[in-house]
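Add chain B to chain A, keeping to what the hints say.
The lines below spell out each chain.
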Amino acid sequence: MNDLWNGIQQAISLTLTLDADLVEISLRSLRVTLSALFVSCLIALPLAAILAVRRFKYRRLIISTLNALMGLPPVVVGLIVYILLSRSGPFGVLGLLFTTHAMVIAQVIIITPLITSIAHQSLRELWSEYHDLLISMNTSKWQRIKTLLWDGRRALMTASLAGFGRAIGEVGAIMIVGGNIDHATRVLTTAISLETSKGDFALALALGFVLITLALAVNFTTHWLGRTEREGRW
Amino acid sequence: MFPMTACDLSVKVRQKHIIGPINLTINEGGITVLMGPNGAGKTTLIKALHGIIRLANGQVTFATPAKTAQEQQSFVFQSPIMLRRSVLENLAYPLMINGQDKQSAMERARTWATKIGLSAHMDRPAPFLSGGEKQKIALARALITSPKLLFLDEPTASLDGAATVEIEALLSEAQSTGTTIIMSTHNIGQARRMANRVLFMKDGQIDAHSAANAFFDTPPTEAAQKFIAGDIVV
Numbered sequence: 007m008n009d010l011w012n013g014i015q016q017a018i019s020l021t022l023t024l025d026a027d028l029v030e031i032s033l034r035s036l037r038v039t040l041s042a043l044f045v046s047c048l049i050a051l052p053l054a055a056i057l058a059v060r061r062f063k064y065r066r067l068i069i070s071t072l073n074a075l076m077g078l079p080p081v082v083v084g085l086i087v088y089i090l091l092s093r094s095g096p097f098g099v100l101g102l103l104f105t106t107h108a109m110v111i112a113q114v115i116i117i118t119p120l121i122t123s124i125a126h127q128s129l130r131e132l133w134s135e136y137h138d139l140l141i142s143m144n145t146s147k148w149q150r151i152k153t154l155l156w157d158g159r160r161a162l163m164t165a166s167l168a169g170f171g172r173a174i175g176e177v178g179a180i181m182i183v184g185g186n187i188d189h190a191t192r193v194l195t196t197a198i199s200l201e202t203s204k205g206d207f208a209l210a211l212a213l214g215f216v217l218i219t220l221a222l223a224v225n226f227t228t229h230w231l232g233r234t235e236r237e238g239r240w
Numbered sequence: 032m033f034p035m036t037a038c039d040l041s042v043k044v045r046q047k048h049i050i051g052p053i054n055l056t057i058n059e060g061g062i063t064v065l066m067g068p069n070g071a072g073k074t075t076l077i078k079a080l081h082g083i084i085r086l087a088n089g090q091v092t093f094a095t096p097a098k099t100a101q102e103q104q105s106f107v108f109q110s111p112i113m114l115r116r117s118v119l120e121n122l123a124y125p126l127m128i129n130g131q132d133k134q135s136a137m138e139r140a141r142t143w144a145t146k147i148g149l150s151a152h153m154d155r156p157a158p159f160l161s162g163g164e165k166q167k168i169a170l171a172r173a174l175i176t177s178p179k180l181l182f183l184d185e186p187t188a189s190l191d192g193a194a195t196v197e198i199e200a201l202l203s204e205a206q207s208t209g210t211t212i213i214m215s216t217h218n219i220g221q222a223r224r225m226a227n228r229v230l231f232m233k234d235g236q237i238d239a240h241s242a243a244n245a246f247f248d249t250p251p252t253e254a255a256q257k258f259i260a261g262d263i264v265v
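Going down the list, the protein sequences come from chains A and B.
Mind the numbering: the first sequence is residues 7 to 240 in the working numbering, read in order.
Mind the numbering: the second sequence is residues 32 to 265 in the working numbering, read in order.
Hint data in this document are derived by calculation from the structure and do not stem from the laboratory.
It is possible that some hints are incorrect.
As the list claims (entries may be wrong) - Derived contacts from chain B toward chain A, CB cut-off under 8 Å, selection only: (1) 106; (2) 128; (3) 240; (4) 259.
Said to hold, decoys possible - With a cut-off of at most 25 Å between alpha-carbon atoms, the simulated SDA-like pairs for lysine to any residue come out as follows: (5) A:147 to B:84; (6) A:147 to B:101; (7) B:43 to A:137.
Just so it is clear, the structure is predicted and the values come from calculations on it, not from any experiment.
A virtual CB, placed ideally from N, CA and C, is assigned to each residue, including glycine.
Isolated chain A (complex conformation) (with noise of 0.2 Å):
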């Protein structure tokens, strides 16, 4: 209980005093989160979208594989990008181990799947909705699938929500290939775990509380911006 008070007065001291160190992990946290987001977002809305709208062979096994690969665990996928991007691995000679770019690609493979099969249940639903007034008015494909993520933008935000959410607190992978180096790798979470394993439970915690206020304030601002849960919008 100590711990957690303690915590809890380090968490304010620090965010007051705006320490240096603080801020530059939170900001990397942050950067790191919202690229592997943007980057997720642009495969999995319009995936979703066309699985959706568009019927072909295999699309209930890709249906099936990402609802599995929701539950992908972060620390397989983490050793896995690892040997990709390592010196001898396919990809070693882009250098790109134990940088946030690799730690950008490991949460994108993480929470692509995520986002793809959120946002394919709520733009099933709509489809289903417009299916028969899309196909009276003629429509191209690409056009009801443009139709389809303008009209379910507010769903298709809860999607990625969750998808941030998972980012934000997501530890295993970017420890394997960011390598929590100090001023170039190093995230809330990796720190997290850095000083919980030193037993500096009060400063763990502190940046805990900063972490989790950061992730609620990311949520409430998009909602805001989204005009969510007002009368008369969905």
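Below, chain B without anything else, positioned relative to chain A:
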């Protein structure tokens, strides 16, 4: 575009025979009303004629190429399907998917919103309006592209008298400006008011097809006679 000809048209759903074989010719102008008891196949027939149901057999042909004919048709469903957008955006949608620029599409949508008495609700989300208002939007959205052929599936089935009068006025105006209308209805009074021709369906077949006056004065078949008399047709 006319005549529209259905040749040996039949529809099956999961191997179950629903309608057909139907042979039918619709010439330009006027209102053709499809009548018949529940389950006679009215909705299936107009959806098949419009091309949003796959035919098991036969074909629907027009005097113009199929693509051109498709572009000159609109469809209004029994339960209006509203895009999750404002009234104006719903009205402008068919214009914009046909390549019209947003500004002129919105301008035309504004004119139509005023015409259907929804100028005060232009910016409200369409799905939150009443059933009658939604059906007026659906009809205006179908007419905004000035289609040569308009299909309606029981457009006033769940509407009150006032909304029905407004819908019928819009249909009469559309017909007088050159839109050929094919609509299904259960409402014998509406058929008497609106129809130039009547197609009476029973058990997935066309039981009678004649001019409206002749149909109501001397119903050509026993089933039609019973239907008009208000008896149960089985």
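For each hint, the structure was consulted:
no.	hint	result
1	106	holds, 4 Å
2	128	holds, 5 Å
3	240	violated, 24 Å
4	259	violated, 31 Å
5	A:147 to B:84	holds, 17 Å
6	A:147 to B:101	holds, 16 Å
7	B:43 to A:137	holds, 19 Å
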